[in-house]
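Novice: Given next are the chains, with one letter for each unit.
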Amino acid sequence: MKTFLKRAGGALAVLAAVLVLNFFLFRIMPGDPLTAIVDPRFSPEAKAALASQWGLDRPISEQFLVYVREMLSFRFGLSMMTGAPVWDELKNRVPNTVALLLPSLVFSTLLGLWLGIKAALRRGSLVERIVLLGGAVSFSFPSFFVQLLLLMCFSYAFPLFPLRGTSSVPPPEGFAAALDYVWHLALPVFSLTILGFGGFALYIRNMMVKALGEDYVTMARARGLAPRRVVWNHAFRSILPPVLTIVLMSLPGIVGGAVITETVFSMNGVGRFLLEATNSHDYPAASAAFFLLALLTVICNLIADICYVIVDPRVRREAAHE
Amino acid sequence: MSKPRGGFSAAVLSLLALLAIFGPNVFGLKDGEMAPPYSKPSWMDKSIVSAETLTVKSDASRGDVSYSENIRWNYAPPKRVSFTGRLDFGRIEWVTPNRAFVLSDKPGEIDLDARDIPFKRAMGADPFDDMASVLFPVSGDYSLRVVGQGEISMRAEGGRWGLLGTDHRGRDTATLFVRGIRVSLMVGIAATFIAAVLGMSLGLISGYAGGIVDSLIMRIVDVLMSIPTLPILMVLSSVWGKGLWNLIAVLSIFSWMGTARTVRAITLSLRDAPWVEGLRALGAKRNYIVFRHLLPETLPLLLANIALGVPGAILAEAGISFLGLSDPRLPSWGRMLHEAHAYGAFTTGAWWTILPPGLGIAVICLVFMDIGRKLEERADPRLAAAARPDAESVKEALE
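Which chain is which? The protein sequence lines are A and B, in order.
Quick note, the working numbering runs 80 ahead of the 1-based positions in the first sequence.
Quick note, the working numbering runs 68 ahead of the 1-based positions in the second sequence.
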């Protein structure tokens, strides 16, 4: 319980840092918010009236508290471009981003696990070479470049997949709509999977090689256990916690990368919303999108922490003691 | 295979650096020169021309009535044709194998472009016709003729240009590519260097001071490490503006954490080492120990850390530029890819605007990782492995 509370505290700290950053970033701009939105020819009285209407005449600490309350209850204010509530616009986009990131994360982790363990078991094989190549690609190739190449090959040269968007125009109905959605997501998810698996696979391979050389694995082998059991129940279980740590540490990058993926494939997600808001200097919308992406990271982190408690017997036992 | 590899990477890096510094001058590349958009590289398709010019000038002393220059045309029609010059009296003709066009018979300055609708109408063509193919219908001998007194030059631009073709605005891709090296190298090295100095100072403080300072710095590291970097870079670039130095500053503020952790780990392991204890017993001051003994110990590894951190900064810069959030006046590889994506390089099949910048980024990243790995091995393999668990995997990836 103590460990979990500590992790939850960490998550809260991240959230607080994001809120503080978000609040002050938009206030260190030259000029005050009023001059940014209001016509300079307004009379001072009209400006003062607007300032009090928006609460800008109150002390900054009070403004901050109000801001935190509003953000945490998902009231992000009105977009400066459309005048509509930001959340109305954003809530349709959150599922798209989750539908992009979750399968990619799951696929790249599973593929990384599978190939990493295979590579560790068969040193010098083709699988190992694929793992090394995948690692080099994920460490040095810009994601958007790989995605552009994929788009060029599979959407333009051989039009197997759609060039852009999250659904066909006009959108099909019923079951066909779901199929259409999956078809549109296929290439982005595939691209994130091949970009992401290499790092995991390399890491898992290295740890697995180390684990397979440990005494307890030799012991398990000597006991005549089936090789499969030795690998999965003994060696693999011991590397599971550090693997989870790696997944955890890669989460901010993956969530941040959604911006690029959604831009390349012109998907309606939170990331591209952030880009559009940034480009049009729509500060309420940009800060809301940034907040949501950070929140997504924090939530994923918490889920990974819970998994950590499940897979690491030391933590679990400690938790049981409390 | 490990020995010659480091030398190879260093050679590639110096070549890129030399290109970045002297490239534009050596090749005599000019920014102002424009060609038709999405022209192919000049070595690609020999059936189209890159650019041809033809000039005719009347010579009053010769007293002739007609002056002409011939050109043999064996290519597909050019993309753009333009005529510039001056007519004193008489007329100017363009003679194709089939017929002759009178370009102008009114005295005065001449500035004609085959895309202008009045010009098309004057030549008796439909406004929607491709005038270049009307003026160059077949292969054969063409001539530009001045009957009277005047001077005229014709410029025909085909779909081929330069070493790597042109982009959507008709700029030379090779020039942009060479100019892009500068941005990548500068951002990568400057941002990582600043981040390394920052990370080293905080790491040293954190590791040596311990206690509440240490835990405070490490909490900050934890928090910063779990905030998605790219969105915050985007927001900052929107608030602070799109300048190169802004980008470098922001990148370094958000990438010092790894170095700080590494240096802290080393400092922690050294702080209680017998020789440091000995120094303390001799009455050495804290600053002396930190700056004269601990700092030099961490320095070699720090150098490796910088090299290994450069790819991250280059990729981040490229990502920001790809999203269109960089200075539009500054050609960079990320920006080239942004423009290729935004202005339909796919639908024209213009791979030459996509492959060179993308591969350039990948090569520069691989080179820095290889050099970083070499530096790390030289520094101290034991420490490296202890401080950076993923160093191993990067190393193996490159072997």
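Hints should not be assumed to be uniformly reliable.
[Claimed, not checked] To spell it out: a stretch of chain A is covered by chain B in this simulated footprint if at least three of its residues, at any positions, have a beta carbon under 8 angstroms from a beta carbon of chain B; those stretches are: (1) 147–161; (2) 173–180; (3) 212–223; (4) 305–319.
[What the hints assert, rightly or not] Selected chain A positions facing chain B (Cβ under 7 angstroms, derived; list incomplete): (5) A93; (6) A97; (7) L99; (8) L228; (9) L230; (10) F238; (11) L240; (12) P332; (13) T358.
These are calculated hints, taken from the structure and not from any lab test.
Keep in mind the model is a prediction, meaning the values are calculated, not measured.
We put the CB at the ideal spot given by N, CA and C, even for glycine.
Novice: Compare the structure with each hint and give your call.
Specialist: Quick rundown of the hints versus the structure:
With a threshold of 8 angstroms between beta carbons, the proposed coverage of the region 147–161 of chain A by chain B is violated, since 0 of its residues qualify and at least three are required. Given a C-beta distance limit of less than 8 angstroms, the hint that chain B covers the region 173–180 of chain A is violated, as 0 residues qualify and 3 are needed. By the rule of at least three residues with a Cβ nearer than 8 angstroms to a Cβ of chain B, the coverage given for the region 212–223 of chain A holds, with 8 such residues. Coverage of the region 305–319 of chain A by chain B is violated in this model, with 0 residues showing a Cβ closer than 8 angstroms to a Cβ of that chain against a need of three.
Against a cut-off of 7 angstroms between C-beta atoms, the interface hint on A:A93 holds, since the closest Cβ of chain B lies about 5 angstroms away. Proximity of A:A97 to chain B holds as hinted, the smallest CB-CB distance being about 5 angstroms (cut-off 7 angstroms). Contact between A:L99 and chain B, as hinted, is not supported at the beta carbon level, the nearest pair being about 11 angstroms apart and thus beyond 7 angstroms. For A:L228, the interface hint holds, the least distance from its beta-carbon to any beta-carbon of chain B being 6 angstroms, beneath 7 angstroms.
Checking A:L230 against chain B: minimum C-beta separation of about 11 angstroms lies over 7 angstroms; hint violated. At about 13 angstroms, the closest approach between the beta carbon of A:F238 and any beta carbon in chain B exceeds 7 angstroms, and the interface hint on this residue is violated. Proximity of A:L240 to chain B is violated relative to the hint, the smallest CB-CB distance being about 15 angstroms (cut-off 7 angstroms). For A:P332, the interface hint holds, the least distance from its beta-carbon to any beta-carbon of chain B being 4 angstroms, beneath 7 angstroms.
A distance limit of 7 angstroms between C-beta atoms decides the matter here; for A:T358 the minimum to chain B is near 4 angstroms, and the interface restraint holds.
Of the hints listed earlier, those the structure fails to meet are numbers 1, 2, 4, 7, 9, 10 and 11, in rising order.
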